[in-house]
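Asks: Sequence:
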Amino acid sequence: MKSGKFMSRQLSQKTAFGLLIAATVIVVIPVVVIIIQTIITGSDAISWGFLTQMPSDAGKAGGILPAILGTFYLMLGTIIIALPLGVMAAIYLAEYAHDNWLTRAINMAIINLAGVPSIVYGLFGLGVFVLMFGFGYSLLSASFTLACQALAMTITTAREAILAVPREYREGSLAVGATKWQTVKSVVLPQAMPGIITGSILAMSRAAGETAPILVVGAAFLLPGLPTSPSDQFMALPYHLYTVAAHVPGVSDSTIWGVALVLLAVVLSFNILATIIRLRFRQRRFS
Numbered sequence: 069m070k071s072g073k074f075m076s077r078q079l080s081q082k083t084a085f086g087l088l089i090a091a092t093v094i095v096v097i098p099v100v101v102i103i104i105q106t107i108i109t110g111s112d113a114i115s116w117g118f119l120t121q122m123p124s125d126a127g128k129a130g131g132i133l134p135a136i137l138g139t140f141y142l143m144l145g146t147i148i149i150a151l152p153l154g155v156m157a158a159i160y161l162a163e164y165a166h167d168n169w170l171t172r173a174i175n176m177a178i179i180n181l182a183g184v185p186s187i188v189y190g191l192f193g194l195g196v197f198v199l200m201f202g203f204g205y206s207l208l209s210a211s212f213t214l215a216c217q218a219l220a221m222t223i224t225t226a227r228e229a230i231l232a233v234p235r236e237y238r239e240g241s242l243a244v245g246a247t248k249w250q251t252v253k254s255v256v257l258p259q260a261m262p263g264i265i266t267g268s269i270l271a272m273s274r275a276a277g278e279t280a281p282i283l284v285v286g287a288a289f290l291l292p293g294l295p296t297s298p299s300d301q302f303m304a305l306p307y308h309l310y311t312v313a314a315h316v317p318g319v320s321d322s323t324i325w326g327v328a329l330v331l332l333a334v335v336l337s338f339n340i341l342a343t344i345i346r347l348r349f350r351q352r353r354f355s
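Sequence positions in the sequence shown follow our numbering and run 69 to 355.
Note that these hints are calculated values from the structure, not bench results.
Treat the numbers as computed from the prediction; the structure is a model and nothing was measured.
Virtual Cβ for every residue (Gly too), placed ideally from N, Cα, C.
Treat the hints with caution; some may be incorrect.
As the list claims (entries may be wrong) - What follows is a set of in silico ranges between Cβ atoms, one per label pair, in the way DEER data are often shown:
id, residue 1, residue 2, range
1, S124, V101, 30 to 38 Å
2, Q81, I148, 42 to 50 Å
3, Y237, P292, 53 to 61 Å
4, T296, P258, 32 to 40 Å
5, L79, L341, 20 to 28 Å
6, L79, I340, 41 to 49 Å
Produce the complete structure using the sequences and hints provided.
Replies: Have a look at this one:
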């Protein structure tokens, strides 16, 4: 009787394990296929001229240097705006805010913001940053717009990373006479920093591939030069890819996939940078 129950539990465990493996494979295989297809098809277009020249003939010839630099400028502006605001909001919600209906409503609103369609953020940026604040169609307006979109994930992941720090660390710091802020700054934040950075970079990586928010606040398809200030319009890889793929006839498939490959490499570079920073913080924490 006991042997039958044991065999039944083993069968259930193997079945659940097999289903989990199958689900993982189903998720991973399409991603791997897309990456391989992008590399194989897009590598023919990759050259030094493609990466360093200005576009010409409506994007059919030349390079994509302005789109690459515009994407990096956009991500730099987004992280400069979103990271401090997101971390400060997470610190307040995790360490200072009282657990009441207002705090719970704010947390629910932040979580729901992650599900807002990206074009809504674009319209918000158009109304607030372009028109109300007078930033115009510019890199600055686009950075603020993407920062608003990235804030929800940044605040949520940073708050969870802060809450994951054991309470004993806080109690030990307070017991030796440290203030609340000294405890947060010197004890909690260093422990939570790997999680904060991981969540922030994931939010930035998602923002790097957005097209809808930036096309209404300053992104342009073709520009005569590179942006020289935050008030200039800019080119970006997602918008450039969308335009050459959908609205410019006669563009070769290798060029389209080449732009996609460069965009994939840019997003991957942000993830690699996040991994390096996270590992260094982790080594410093345990050293």
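Asks: Note whether the CB distance of T296 and P258 lies within 32 to 40 Å or breaks it.
Replies: The hinted range 32 to 40 Å holds for T296 and P258, with Cβ atoms some 38 Å apart.
Asks: Against the range 41 to 49 Å, how does the distance between the Cβ atoms of L79 and I340 compare: consistent or not?
Replies: holds (42 Å)
Asks: Just to be sure I understand the hint, the distance between the Cβ atoms of Q81 and I148 should be within 42 to 50 Å; is that true here?
Replies: holds (49 Å)
Asks: Is the distance from the Cβ of Y237 to the Cβ of P292 consistent with 53 to 61 Å?
Replies: About 55 Å separates the Cβ atoms of Y237 and P292, which means 53 to 61 Å holds.
Asks: Starting from the hint 20 to 28 Å, judge whether the C-beta atoms of L79 and L341 obey it.
Replies: violated (45 Å)
Asks: Just tell me: holds or violated, for the beta carbon distance of S124 and V101 against 30 to 38 Å?
Replies: With a Cβ separation near 33 Å, S124 and V101 satisfy 30 to 38 Å, so the hint holds.
Checked against the numbered hints above, the structure breaks only hint 5 and satisfies the rest.
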